[in-house]
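The chain contents come next:
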Amino acid sequence: MRAVAAVLALAAAPGIVLAQGNSGELVTLKVQGNVYVISGAGGNIAVQTGDQGVLVVDTGLAAMSDKVVAAIRKLSDKPIQYIINTHVHPDHTGGNVAVRKAGLTYVGANVTGNLTDAGVGAQIWAQDNVLKRMSAPTGQQAPTPFDAWPTETYLTGRKQLFFNGEPIEIVYQPAAHTDGDSLVIFRRSDVVVAGDIFVTTTYPFIDVDRGGSIQGEVDALNNIMDIAIPGLQDEGGTYIIPGHGHICDQPDLLEYRDMVTIIRDRIQAAIKKGMTLEQVKAAGLTKDYDGRYGAKTGFGTADMFVEAIYKTLTRKK
Amino acid sequence: MRMCKASFALALAVGAWGQGPGGYNPVGPGVSLQGNWGPVFHEDAHERGPGPELVNYLGLPITDGARMYGLAWDASRFTIPEHQCEVHIVSYIYRGPYNLRIWEDRDPVSQRLIAIKQYIDNYQQTRTIWMDDRPHPPDAAPHTWMGFSTGKWDGNILTVYTTHLKWGWIRRNGLRHTDQATLTEHFIRHGDHLTHVSILTDPITLTEPLIKTQDLVLRVQNGQTWLYPCEPVVEIERPRGTVPHYLPGENPFIHEFADQYHIPAEAALGGAQTAYPEYESKLKQAGTK
Amino acid sequence: MKRFQGVLFICGLLPLLVQGQARTPKAGATVDLTGYWVSVVTEDWLYRMVTPAKGDYTSVPLNPAGRKLADTWDPAKDEASGNQCKAYSAPAVMRIPGRVLIGWQDDYTLKVETDAGTQTRLFHFDASKAGAGGDWQGASVANWDVEAGARGALPGAGLRVITSHIKPGYLRKNGVPYSGNVQLTEYYDRVNETNGDSWLIVKTIVDDPTYLNTPFITSTHFKKQADSKGWNPTPCMAR
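Protein chains in written order, with our numbering: chain D, 1 to 317; chain H, 1001 to 1289; chain X, 2001 to 2239.
What the hints contain is simulated information worked out from the structure, not anything from laboratory work. Where hints are given, some of them may not hold.
Which bits of chain H does chain X cover? Going by a derived footprint, with three or more residues having C-beta under 8 Å, they are [claimed, not checked]:
| # | region |
| --- | --- |
| 1 | 1099 to 1111 |
| 2 | 1114 to 1124 |
| 3 | 1185 to 1196 |
| 4 | 1203 to 1212 |
| 5 | 1273 to 1286 |
Since the structure is predicted, the reported quantities are computational estimates derived from the model, not experimental observations. Ideal placement from N, C-alpha and C gives every residue a C-beta, glycine not left out.
Given these sequences and hints, build the entire structure.
Quick look at the structure:
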């Protein structure tokens, strides 16, 4: 019986494998409470399920959306009612069209607009800058299709929702990874979805061209630190789903927050000494972390990180 | 000849007894490690008790990056509330003072060994070593202080492989391994003596695997002594998000330990070469006693 | 002592007899310990790679008599009297950084040579050949280890060596003493890693009622070498 209990205990623990395929396939893990993570489709995707339906945070790459929808359907056959985008990048919003199409919005007598279209697809929520960057003024070509755009946005502060018996907060993090970052907090499940403010795979990619900044990044990491409370023996408790990488708790985030802060401080000191960007890059100020977080190619390289910090620290306010 | 036939029949019968449907469970491999074990501190007692000196990296095969991390580490980081309750990682916890209780979880019907459990009273850690050939979790699963461990017997030696570790101490004076590290351990019992061999692999912070060996003795009494109800407090008022650290080249303690023990500062900075016999000759040539 | 050694000999050979094969200890070895091994000093660095200061007997369970003697350490005196090898004796030599070469001298005798101090230890599976000791390496009796209650030596089970009649010397180079009453129990185990590394783990239990409050227990690890690279026999050094 003890053995059975042990197996059951494992099944209830965070990280239990619900589906695991070969390389290139998606992995679905239970995080805790009503929240799951699907990884392998680009950015991590969080899924909250319950009696009312399904809420999805981020939708991965467009090319993976069929698999994403299938993975969501394995978790619940209830309607996908909400999509929340943590930010604008296509590895987090690419599946918006397909996932939206697989869902629906319940509408009532007071709904406005074209009633025949009102119930088609899930709602997509995001901070307002996400909509601005996905759409375009009338007459111009938008970078993403209309069906991928947020249907509901907020400007500042936070937006709240009560779904599947759980309070959910969507909290704006100004000028961090981009200018449209949101944390999604599942208060009952005690899970925070961080988007690309926090990744375990590389240095943070601070998208300066889309309004990101080092100080916003540090502030956002500290905001998550404030929300996350570690469990017994400094482990578990609040779980954090990073934009990329493994499920984390506060001690994992702490290591990352320290790293970002320390490198910022070093570059700030170098700037005070009058060093140029090239000199800072050549000084090896990230050498202690490059082996762990320095991407070799693409986003999140040491050079990109250093440059983003340097540029946003020296930017005229 | 008749005796041979009888022996053959007996051998068949024994074989059938071992494999038949009667539910006989053959003797499992390995030895029992169950009981209460207490560590012996006849090696590195200073480091393992009070703690290592700052910038004492002797004998550790650390990378340049790991060394830079260590030199940036300021012990004041322990005053940050979020750092105060940090548990010693499984690759380090057996170095500290602790009592170790080991027991087995067996299938209630077949009595097959499912897991070997350990309770380490320092930090109140319960560890599970799965013995049922289950796979390790996928990369996306959480990392923990004790990691995810699977074990197998090699004769009387229990070999354990652990993944999904958090960042943790290589030596608790600022040297840390990353969450990409893996750990291989061997638990070797000889009578009332247990040797714990730990071999840490982390290509990011170590140039070669780091081996340590710990000695334990069997105790007839339950060794449980410590509880760990850690509650962090603000020890020093600081601006939000402050992380104490030394800027590159500004660690004020870089020579302190080396000077105290009259060894070259370069030796104190560690590296794989400091662990091999040739280094002793180098020290002698440098005039170190 | 001889009777004790005889019992050990019988116990050592018993597993082989039980299996119905009159194999020699060499043929029936449960683990291959032979070859070149290099010590990797990741522990007790300050007590092994350099000679600690006089009076530093940290972590050795010395009793007052032992401490008193340790405080009189005089390496010049040892050198003058030809006793430079006091810290290269059986209870301490495996802790000295260096390489060891293990091989079979014959079917019943395992030979351990150290390049540090150029010492030779002979582990006799036939106790009657162990001799009377009296030198730095004493008289050693070996057997493949069998746990109490076990059905025999398990594959991979290590080697147990008991050594006595050792000339009084040092547990550490700085004069931390052991007496002529010392008895040494050692276990030699080998572990093989998936990356191809093999390690020799030597657990050493020094029991000396004259100078120790409790047995002094250490474990020392050596990495397997493919060849003799680095083998460099050197004389004993008192400091």
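Evaluation of the provided hints:
Only residues whose beta carbon comes within less than 8 Å of a beta carbon in chain X count, and the region 1099 to 1111 of chain H has 0; fewer than three means the coverage is violated. Note: the region 1114 to 1124 of chain H has 0 residues with beta-carbon separation from chain X under 8 Å; the three-residue rule is not met and the coverage is violated. By the rule of at least three residues with a Cβ nearer than 8 Å to a Cβ of chain X, the coverage given for the region 1185 to 1196 of chain H holds, with 7 such residues. Counting residues of the region 1203 to 1212 of chain H whose CB lies closer than 8 Å to any CB of chain X gives 4, so the stated coverage by that chain holds, three being the minimum.
For the region 1273 to 1286 of chain H, the proposed coverage by chain X is satisfied: 8 residues have a C-beta within less than 8 Å of a C-beta in that chain, meeting the threshold of three.
Violated hints for the displayed structure, listed by number in ascending order: 1, 2.
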